[in-house]
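Heads up: the sequence lines are chains A and B, in that order.
First residue of the first sequence? That's 1 in my numbering, and the numbers climb one at a time after it.
First residue of the second sequence? That's 1 in my numbering, and the numbers climb one at a time after it.
Because the hints were derived from the structure by calculation, they are not lab data.
Be careful, since some hints might not be right.
[As the list claims (entries may be wrong)] Covered stretches of chain B, as calculated for chain A (at least 3 residues, CB under 8 Å):
1. 36 to 46
2. 99 to 106
[Claimed, not checked] Some residues of chain B that are not near chain A, with every Cβ distance over 12 Å (derived):
3. Ser-7
4. Ser-65
5. Pro-75
[Claimed, not checked] Derived DSBU-like pairs: lysine-lysine, alpha-carbon spacing no greater than 30 Å straight-line:
6. Lys-53/A - Lys-68/A
7. Lys-68/A - Lys-55/A
8. Lys-96/A - Lys-55/A
9. Lys-57/B - Lys-96/A
10. Lys-57/B - Lys-68/A
11. Lys-54/A - Lys-57/B
12. Lys-54/A - Lys-96/A
13. Lys-96/A - Lys-68/A
14. Lys-57/B - Lys-11/B
Beta carbons: idealized from backbone N, C-alpha and C, even for Gly.
The lines below spell out each chain.
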Amino acid sequence: KNEVEQSPQNLTAQEGEFITINCSYSVGISALHWLQQHPGGGIVSLFMLSSGKKKHGRLIATINIQEKHSSLHITASHPRDSAVYICAVRLSNTDKLIFGTGTRLQVFP
Amino acid sequence: DAEITQSPRHKITETGRQVTLACHQTWNHNNMFWYRQDLGHGLRLIHYSYGVHDTNKGEVSDGYSVSRSNTEDLPLTLESAASSQTSVYFCASSGNRVYEQYFGPGTRLTVT
Numbered sequence: 001k002n003e004v005e006q007s008p009q010n011l012t013a014q015e016g017e018f019i020t021i022n023c024s025y026s027v028g029i030s031a032l033h034w035l036q037q038h039p040g041g042g043i044v045s046l047f048m049l050s051s052g053k054k055k056h057g058r059l060i061a062t063i064n065i066q067e068k069h070s071s072l073h074i075t076a077s078h079p080r081d082s083a084v085y086i087c088a089v090r091l092s093n094t095d096k097l098i099f100g101t102g103t104r105l106q107v108f109p
Numbered sequence: 001d002a003e004i005t006q007s008p009r010h011k012i013t014e015t016g017r018q019v020t021l022a023c024h025q026t027w028n029h030n031n032m033f034w035y036r037q038d039l040g041h042g043l044r045l046i047h048y049s050y051g052v053h054d055t056n057k058g059e060v061s062d063g064y065s066v067s068r069s070n071t072e073d074l075p076l077t078l079e080s081a082a083s084s085q086t087s088v089y090f091c092a093s094s095g096n097r098v099y100e101q102y103f104g105p106g107t108r109l110t111v112t
């Protein structure tokens, strides 16, 4: 079993829909990262969080440490949000990241 | 603007050849990382460095080596390329062990 599981693996949506991507992990962590990988391949960091909730524009990330679960929400989705969204956790007592396999999101006009 | 670059962006090589992938960052970051990305797997750590002359093995280091002679560069060498090393390789850097990592654009390597 992977230490970081994402769901769903693939997601399609119509423009304007509210999107939720989930990440569950089975290890002790010091932080969780959400990353975005565009079709061209580049990877950018969206959020790093260790508790609570963070918001940036239409993106919201939440984490529940007790339940070992995080969600990434996209409000009013747009075709330019189409990308692979990757969850990564930083293990406690180390600085290495373990990555989920990603969620491929396609938003259609 | 500071950035992290990788070269080449695409490479085709033959089994058994030595290949070096370059990674260069102008963030002045101490920490640099090499990952590979394959279908069905998340990014997996190959090697990493916390500073000049420091190198460490990641979870999939067999067949790869790195050296760190300055802050800006961490080249990744495949000593004798194998078809199993066909992958997309990403370099990343961070200024602090607990900060976010900045990723390069990736190198797509095909070993025939």
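Hints and how they fare:
1. Check on the region 36 to 46 of chain B: 6 of its residues sit with their Cβ under 8 Å from a Cβ of chain A, so the three-residue criterion for coverage holds.
2. For a cut-off of 8 Å, the count of residues in the region 99 to 106 of chain B with a CB near a CB of chain A stands at 7, and the three-residue condition holds.
3. With a closest Cβ-Cβ approach of about 14 Å to chain A, Ser-7/B is found to remain outside the 12 Å limit, as its non-interface label requires.
4. At roughly 19 Å from the closest C-beta of chain A, the C-beta of Ser-65/B stays outside 12 Å, upholding its exclusion from the interface.
5. No Cβ of chain A approaches the Cβ of Pro-75/B within 12 Å, the least distance being about 20 Å, so the stated non-interface status holds.
6. At roughly 14 Å between alpha-carbon atoms, Lys-53/A and Lys-68/A fall within 30 Å of each other, so this suggested pair holds.
7. With a C-alpha separation of about 20 Å, the suggested pair Lys-68/A and Lys-55/A falls inside the 30 Å cut-off, and the hint holds.
8. Our distance criterion of 30 Å between C-alpha atoms is met by Lys-96/A and Lys-55/A, whose separation comes to about 25 Å.
9. With a C-alpha separation of about 11 Å, the suggested pair Lys-57/B and Lys-96/A falls inside the 30 Å cut-off, and the hint holds.
10. Our distance criterion of 30 Å between C-alpha atoms is met by Lys-57/B and Lys-68/A, whose separation comes to about 28 Å.
11. Restraint check: the Cα-Cα separation between Lys-54/A and Lys-57/B comes to about 33 Å, which exceeds 30 Å; the hinted pair is violated.
12. Under the criterion of a C-alpha separation no larger than 30 Å, the hint pairing Lys-54/A with Lys-96/A is consistent with the structure, at around 22 Å.
13. Taking the CA atoms of Lys-96/A and Lys-68/A, the gap is about 18 Å. The hint holds against a cut of 30 Å.
14. Using a Cα cut-off of 30 Å, the hinted pair Lys-57/B and Lys-11/B holds, with the two alpha carbons roughly 24 Å apart.
In this structure, the one hint that does not hold is number 11.
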